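Residue numbers (my numbering), protein chains in the order written: chain Z, 1 to 314; chain W, 1 to 222.
Calculated from the structure, these hints are not laboratory results. Since this is a predicted model, take the numbers as computed values, not measurements. Mixed in with the good hints there might be a few duds.
[Unchecked claim] What the simulated footprint calls covered on chain W by chain Z, stretch by stretch (three residues with Cβ under 8 Å from a Cβ of chain Z suffice, anywhere in the stretch; the number is not a length): (1) 13–22; (2) 60–68; (3) 120–132; (4) 181–193; (5) 200–208.
[As the list claims (entries may be wrong)] Chain W side only, calculated, beta carbon under 8 Å to chain Z, not exhaustive: (6) Thr30; (7) Leu32; (8) Pro74; (9) Leu116; (10) Leu136; (11) Val137; (12) Gly138; (13) Phe139; (14) Val140; (15) Pro141; (16) Trp143; (17) Tyr145; (18) Gln156; (19) Gly174.
Just so you know, even glycine gets a beta-carbon here, dropped at the ideal spot from N, CA and C.
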Amino acid sequence: MKAVLRVVEPGLFTTVQDLGRPNAIAAGVPPGGAMDRFAHRAANLLVGNAEIDATLECTLSGPHLRAEHACIVAITGADFEPRINGTQVANWTGIFVSPGDRLTFGARRAGGRAYIAVAGGLEGDRWLGSASTNLMAARGGMHGRNLKAGDQLTTAREASRPAVSGHHLPERLRPRYTDHTLFAIAGPHIKRLDAESRRLLFGATFNVSREADRMGYRLDGPRLATSGDELLSFGLAAGAIQVPRAGQPILLMADHQTAGGYPVVATVVSASLQVAGQLVPGDELRFAEVTIERARQMRQSQAAALDSLRDDLR
Amino acid sequence: MPPPRSSRPPAPRVRIHALGDTALLAELGTRLDTALNTRAIALAAALKKRRDVRQAIAGYASVTVHFDPEQATPDSLGAAIKRLAAKRPPMAEPGRLHRIPVIYRGPDLEEVAEKLKLTPQRVAEIHSRPIYRVFLVGFVPGWAYMGPLPEELELQRRHVPRTLVPAGSVAIAGRQTGIYPLPSPGGWHLIGSTSVKLFLPDRDPPCLFRAGDRVKFFASTT
Numbered sequence: 001m002k003a004v005l006r007v008v009e010p011g012l013f014t015t016v017q018d019l020g021r022p023n024a025i026a027a028g029v030p031p032g033g034a035m036d037r038f039a040h041r042a043a044n045l046l047v048g049n050a051e052i053d054a055t056l057e058c059t060l061s062g063p064h065l066r067a068e069h070a071c072i073v074a075i076t077g078a079d080f081e082p083r084i085n086g087t088q089v090a091n092w093t094g095i096f097v098s099p100g101d102r103l104t105f106g107a108r109r110a111g112g113r114a115y116i117a118v119a120g121g122l123e124g125d126r127w128l129g130s131a132s133t134n135l136m137a138a139r140g141g142m143h144g145r146n147l148k149a150g151d152q153l154t155t156a157r158e159a160s161r162p163a164v165s166g167h168h169l170p171e172r173l174r175p176r177y178t179d180h181t182l183f184a185i186a187g188p189h190i191k192r193l194d195a196e197s198r199r200l201l202f203g204a205t206f207n208v209s210r211e212a213d214r215m216g217y218r219l220d221g222p223r224l225a226t227s228g229d230e231l232l233s234f235g236l237a238a239g240a241i242q243v244p245r246a247g248q249p250i251l252l253m254a255d256h257q258t259a260g261g262y263p264v265v266a267t268v269v270s271a272s273l274q275v276a277g278q279l280v281p282g283d284e285l286r287f288a289e290v291t292i293e294r295a296r297q298m299r300q301s302q303a304a305a306l307d308s309l310r311d312d313l314r
Numbered sequence: 001m002p003p004p005r006s007s008r009p010p011a012p013r014v015r016i017h018a019l020g021d022t023a024l025l026a027e028l029g030t031r032l033d034t035a036l037n038t039r040a041i042a043l044a045a046a047l048k049k050r051r052d053v054r055q056a057i058a059g060y061a062s063v064t065v066h067f068d069p070e071q072a073t074p075d076s077l078g079a080a081i082k083r084l085a086a087k088r089p090p091m092a093e094p095g096r097l098h099r100i101p102v103i104y105r106g107p108d109l110e111e112v113a114e115k116l117k118l119t120p121q122r123v124a125e126i127h128s129r130p131i132y133r134v135f136l137v138g139f140v141p142g143w144a145y146m147g148p149l150p151e152e153l154e155l156q157r158r159h160v161p162r163t164l165v166p167a168g169s170v171a172i173a174g175r176q177t178g179i180y181p182l183p184s185p186g187g188w189h190l191i192g193s194t195s196v197k198l199f200l201p202d203r204d205p206p207c208l209f210r211a212g213d214r215v216k217f218f219a220s221t222t
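Bound conformation, chain Z alone (with noise of 0.2 Å):
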């Protein structure tokens, strides 16, 4: 364990993540982790980690960090113009980092979270299983807050294979963050809609509200009607589409509630939720009505991806 990077300027909102603390979903705790899984395992893979280990989620904007140690980075998903020593490196890509660099961002081009790993993992505080911060408990990764000036980040062990920088993902195996179109699965009370709003849920543009955080996103735009009766509350998944009364969408994101009582009349499927996992508030988007078959096909053609990264580092 040593001190590899030090944050000049922590940026809008950043925190360490790994793949979240299903086991204790049970215990009314959100599963957390990455928004966009498929850029955090990507960016662990590129650096020779598990896919487990965890990584900083950059929001809107990057950090300012200062290498203490020699190290290799990749930083993936939102594109925010990474630099090194003020000089612009690519995304998807395994980088050397000397001691005295500094990893500086430009402006936001595409996407809404960035993620970047450090070989040997990112070490934070563990809290039920998982290094991912929880806000709301103040609990997991930097103490549970989101980063400050002044931080140190260690790395949780020793790189685990000798870190060779290059390694890259060709732009066609990445996910396409412009296209807001999420596919997603009928949900359970998609039959509480009537016909008019069916036809809006797949057909209409919806917008990301102001109120938009992990937890979830309300959306804007056509006001959904749902009949009958309350429901009794239920366990939720990330991707649900729940609908309260007043007609207001809400997509649950990686925080999201456990259980929930308001109709779910949709499901953004696990292949979309990366691209979810990038919008911000003002962002257009549009749901999709898929099958299970095409979401598996799109399923394991992000998991070949990844596997490709795999095979590379082999």
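Assemble the complex: chain Z is given as a structure, and chain W must be docked to it using the hints.
For chain W alone, kept in the frame of chain Z given last:
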């Protein structure tokens, strides 16, 4: 003592719904009912033992099942859920009893009383009368869905949920009652508050209540 076989309710008909491509919602019924909840908790426990199941979370009368899509299809798992749900659930032990002091002075108390044509005082009396069952733990860390709430206090949820409800708020909605353990969004009616800590982050599990526990509220001034 187990009830005589003849009086045992028939196994519920299970409805299986997709919740995306890696989870299912198995509905055992639509009534707020202790027997259905006991079945849901038993079904979740049985499902958790399966290799292809990652998580199984009991709701009031349902189980949300997160599965490994490489090991199960929604159809294969759905069939397995129906088989397991048809089995007789084990006898449930009575849950632990918690006594919770409440200051009945919530921001919605007046409005609730007015809608129900009761006095605020009467709302407090009715709310603190029963011993409630914890049907499920969830929503936010430490939250417990409790009930059944007496019919006299039945109200729909607020049309627009609040974006921030203070910790310790005691709330009602439908035939349910609950306590907000942490500042969080919420759509229930706030009738009071308590100083009891329901979320204990440094314990595992980090919640005071668990499904099947019993809770008695009493009016307090502090």
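These are the hints, each one checked on the structure:
no.: 1; hint: 13–22; result: holds (count 6)
no.: 2; hint: 60–68; result: holds (count 6)
no.: 3; hint: 120–132; result: violated (count 0)
no.: 4; hint: 181–193; result: holds (count 5)
no.: 5; hint: 200–208; result: holds (count 5)
no.: 6; hint: Thr30; result: holds (7 Å)
no.: 7; hint: Leu32; result: holds (6 Å)
no.: 8; hint: Pro74; result: holds (6 Å)
no.: 9; hint: Leu116; result: violated (16 Å)
no.: 10; hint: Leu136; result: holds (6 Å)
no.: 11; hint: Val137; result: holds (5 Å)
no.: 12; hint: Gly138; result: holds (3 Å)
no.: 13; hint: Phe139; result: holds (5 Å)
no.: 14; hint: Val140; result: holds (6 Å)
no.: 15; hint: Pro141; result: holds (5 Å)
no.: 16; hint: Trp143; result: holds (5 Å)
no.: 17; hint: Tyr145; result: holds (5 Å)
no.: 18; hint: Gln156; result: holds (6 Å)
no.: 19; hint: Gly174; result: holds (5 Å)
Checked against the numbered hints given earlier, this structure breaks hints 3 and 9; the rest are met.
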